[in-house]
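As a plain string of letters, each chain reads:
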Amino acid sequence: MSEQSQVALEVTGLAKSFGATRALRSCSLRLLAGEVHALMGENGSGKSTLVKILTGVHAPDSGGYRVGGRAVRLGGPAAAIAAGVMAVYQEVLVVGPRSVLENVWLGADGVFRRKISEADKRERAAAVLGELLGEAPDLDTPVEQLSLSDRQACGIARALVREPRVLILDEATSALDVATRDRLFEAIARHKAAGMAVLFVSHRMDEVDAISDRVSVLRSGESVATLEAEDATTAELVRLMTGAEHLTDIPEGGAMAHRTGPAADAPVLLRVRGLRLRPDADPVDFELRAGEMVGLAGLEGHGQDAFIKALWHGPAGEGSVTRVEVGGESEIRSEQRAAAAGIGYVPRDRRGEALFGTLSIRENFSAATQDKDTRFGLLSRASALGRFAEYRSGLKVRMGRESDPITTLSGGNQQKVVIARWLARRPDVLLLNDPTRGVDIGAKRDIYALLDELTARGVAVVMLSTEVDEHIELMDRVLVFREGSHSTTLDRRSLTRQSLVAAFFGRTVTSSVAGSASPDGDS
Amino acid sequence: MNALDFLRGLLGKRPYAFAGLLALLLLVVNTALQPAFLAFGNWAAVLASFAPLAVAAMASTPAILSGGGGIDISIGPLLTLIDIVIVANLLPNGLTSPFVVIPVCLAIGAAIGAVNGALVAVLRFQPVVATLCANIVIGGLATQVQGDTVPSGSTSWTKDLAGSFGPVPGALLTIGAPLLIWWALSRTPFVKALYAVGGDDATAFSAGVNVPKVRIAAYSLGGLYAGIAGIALMSLISEGAASMSAQYTLLAIAAVALGGTSLAGGRGSLLGSLLGAAGIYLINNLLNVVRVSTLWSTAIYGAMLLFAVVVGAVLTNARRRAVA
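Line by line, the protein sequences are chains X and D.
Counting from 1, one number per residue, gives the positions in the first sequence under my numbering.
Counting from 524, one number per residue, gives the positions in the second sequence under my numbering.
Derived from the structure by calculation, the hints contain no laboratory data.
Keep in mind that this is a model prediction, so the values were computed, not measured.
Just so it is clear, CB atoms sit at the ideal spot from N, CA and C, and this is done for glycine as well.
Do not rely on the hints blindly, as some may be mistaken.
[As the list claims (entries may be wrong)] Quick partial rundown of chain D residues pointing at chain X, CB under 10 angstroms, derived from the structure:
1) Thr619
2) Ala716
3) Arg790
[Claimed, not checked] Label-pair distances were calculated between CB atoms; the ranges are:
4) D/Arg647 / X/Gly34: 38 to 44 angstroms
5) X/Glu163 / D/Leu618: 52 to 58 angstroms
6) D/Leu618 / X/Gly64: 43 to 49 angstroms
7) X/Arg113 / D/Ser816: 49 to 55 angstroms
8) X/Glu335 / D/Phe529: 35 to 41 angstroms
9) D/Ser766 / X/Arg401: 51 to 57 angstroms
10) X/Ser117 / D/Phe563: 53 to 59 angstroms
11) D/Leu618 / X/Ser62: 55 to 61 angstroms
12) X/Gly400 / D/Gly663: 44 to 50 angstroms
From just these sequences and the hints, can you work out the full model?
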């Protein structure tokens, strides 16, 4: 067999931007028939974008890919599937009310033309599901009556019954129970022997170790290296994923080296007890003290987002979030309660959840505090402008006139306005969900300085960030989430890029006592 | 297990059971108050007066099942347009053969449905907006074709449709045809694809289902059914009915909801819509029998619909909770 015929998937120079964000800069990759090829990278390294291009969901800006030596026509998932690429995602994609059989064979027929006989469908679905689940479930059961793991098995079976040349598992194992995952790995070994190539995107080092033949690493949208499995040590992978050059970005000790954490006697402002983020995850306990800056970290989708939202709208399931005030305690069960109890929340999706895109800068600022600007029931523009002025200079908002549309500002300045909106309510607890995403470095510095000043005044800050450097520079302690549980706490002294990224992947757990005490309180 | 749980279980599995039970109950009440209602000789007339609403409800179903906020509120004007085209254009010009009239009506219905489907699935207009525009345009066309004097006319086979072919009530054909077409389609992959697209279009898309094609086909099928409903209406009243379009639009959608079909798409059935239409028809009949002013009937339909939607929501929630 020639070298060329063994190449199942050849990716060359793929690039893709979303607006100003360059999700994928240059990605080249070669998958051989009959290999399991792991793809690793931290948040925002471009893994998901790559997978979405390969499955036809996104069209690349430049570059292309070939399957089995033939260039793939771009035209949605149907075209990618026809070329032999099928993917299973972290998100379980099934049609709940429909039967197991229909879900497994979804998309295999034309709209009116049947391509596979009913008897064949039953037989092969039963065989593949039997392989994955030990025993196939009743094929006529609505999929919504199965467990999450079994539902995902149906999604995987959907890919396997079509016998793709290239199977992409994009964190697809995270919804599986251990037994099903092990059976999947056995099934993969068999399909691999038959020549299928597997692109295995996983955050679990143990899984990567267990089944991959080679490992490629993506960093900042670029493919940086491909290693043979035996060379892919944890240390080497973390080094490749984090990239040595980033280390020089942070000044020795950080610009926030003076941060000492909250005073030993700082009062608790927020208390979380037994908060379960997922039914199968461990409950989280957490206390937030005045003047403290706490980071929430982890790979995308591991519970940190659910956690910060639970602090804002209360627990979705088990557990309690309690706001502790001088006057007494109150349980947070809704955004309204949280806001009334002096909690502010800057959402992640700026455009969708925080900005009024059609309104002016001033109106965006005053949206949460309009009651302060009313005179005899009428809104006073001057009052809002006066209030905005104090935040404008403090936050160094670079802008034209207050009456300009908010969309005339850069992302960073828009974010400052959103933060100012909450600061105007004078919160005691400020929750920020990835506030510096898509924000330029200068604006980031301004936001850091503001947060530092706020905590010095006794405000407690909880900030989810997808940027490792941000945690290292700013945080008094960082809670690392894995699989919906709070897996590790890293305090300021033990925070390094390596320790944090290793913790994301569940390795080299560096645990220590949270919130190191400082002798002199500054709150 | 108490009675409520039992009912929940039954309705959870068969969402149309509520409409079925309601229709059965109303049938009993109607017959008790008016024994002639179910007399053998009366069947054909009862079914014929039920047929337009029954078929209009079934016509509204595929668009709603297709999900993505799918709904077709142009069904009412479309069926009155078909009715008017028959009495004003076809019959006066000597085109009386069922082998001409029926294909023409079905083709008009399916074509207009396909245009709606393309507006929704290809140009991505919101279904309510797209079919509201269609509603207005078709309603206007119907008024124009009808003209100043209400046209009327009939021919032997349309009279039989409103009466009976030998011992067979003619309306069984108009009510049976959509069910038969649905049964035939469910032997192709289309019906499954329709439920999949309505249930979760992102999943269907990622699995390679041609989502726009399925949706266009769904609206087109609804239009085809509206063609049948138009024939049923024309047979019943033998005249133009431009003024009746709004009534059919709303009652048909009410019947679909009452029949347990989720307005969010992906769950429901044609049979449910038929039973829902029966519930509404029988309530209307009952209100007539007990001489409640027709001015009240709309408010009563509305209350029924509200009740059905609440029952539906409670049941679906109970189910989701059980799964989660």
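Right, here's what the structure says about each hint:
no., hint, verdict
1, Thr619, "33 angstroms, violated"
2, Ala716, "6 angstroms, holds"
3, Arg790, "5 angstroms, holds"
4, D/Arg647 / X/Gly34: 38 to 44 angstroms, "42 angstroms, holds"
5, X/Glu163 / D/Leu618: 52 to 58 angstroms, "54 angstroms, holds"
6, D/Leu618 / X/Gly64: 43 to 49 angstroms, "57 angstroms, violated"
7, X/Arg113 / D/Ser816: 49 to 55 angstroms, "54 angstroms, holds"
8, X/Glu335 / D/Phe529: 35 to 41 angstroms, "39 angstroms, holds"
9, D/Ser766 / X/Arg401: 51 to 57 angstroms, "56 angstroms, holds"
10, X/Ser117 / D/Phe563: 53 to 59 angstroms, "45 angstroms, violated"
11, D/Leu618 / X/Ser62: 55 to 61 angstroms, "60 angstroms, holds"
12, X/Gly400 / D/Gly663: 44 to 50 angstroms, "48 angstroms, holds"
The structure fails hints 1, 6, 10 (numbered hints given earlier, in ascending order).
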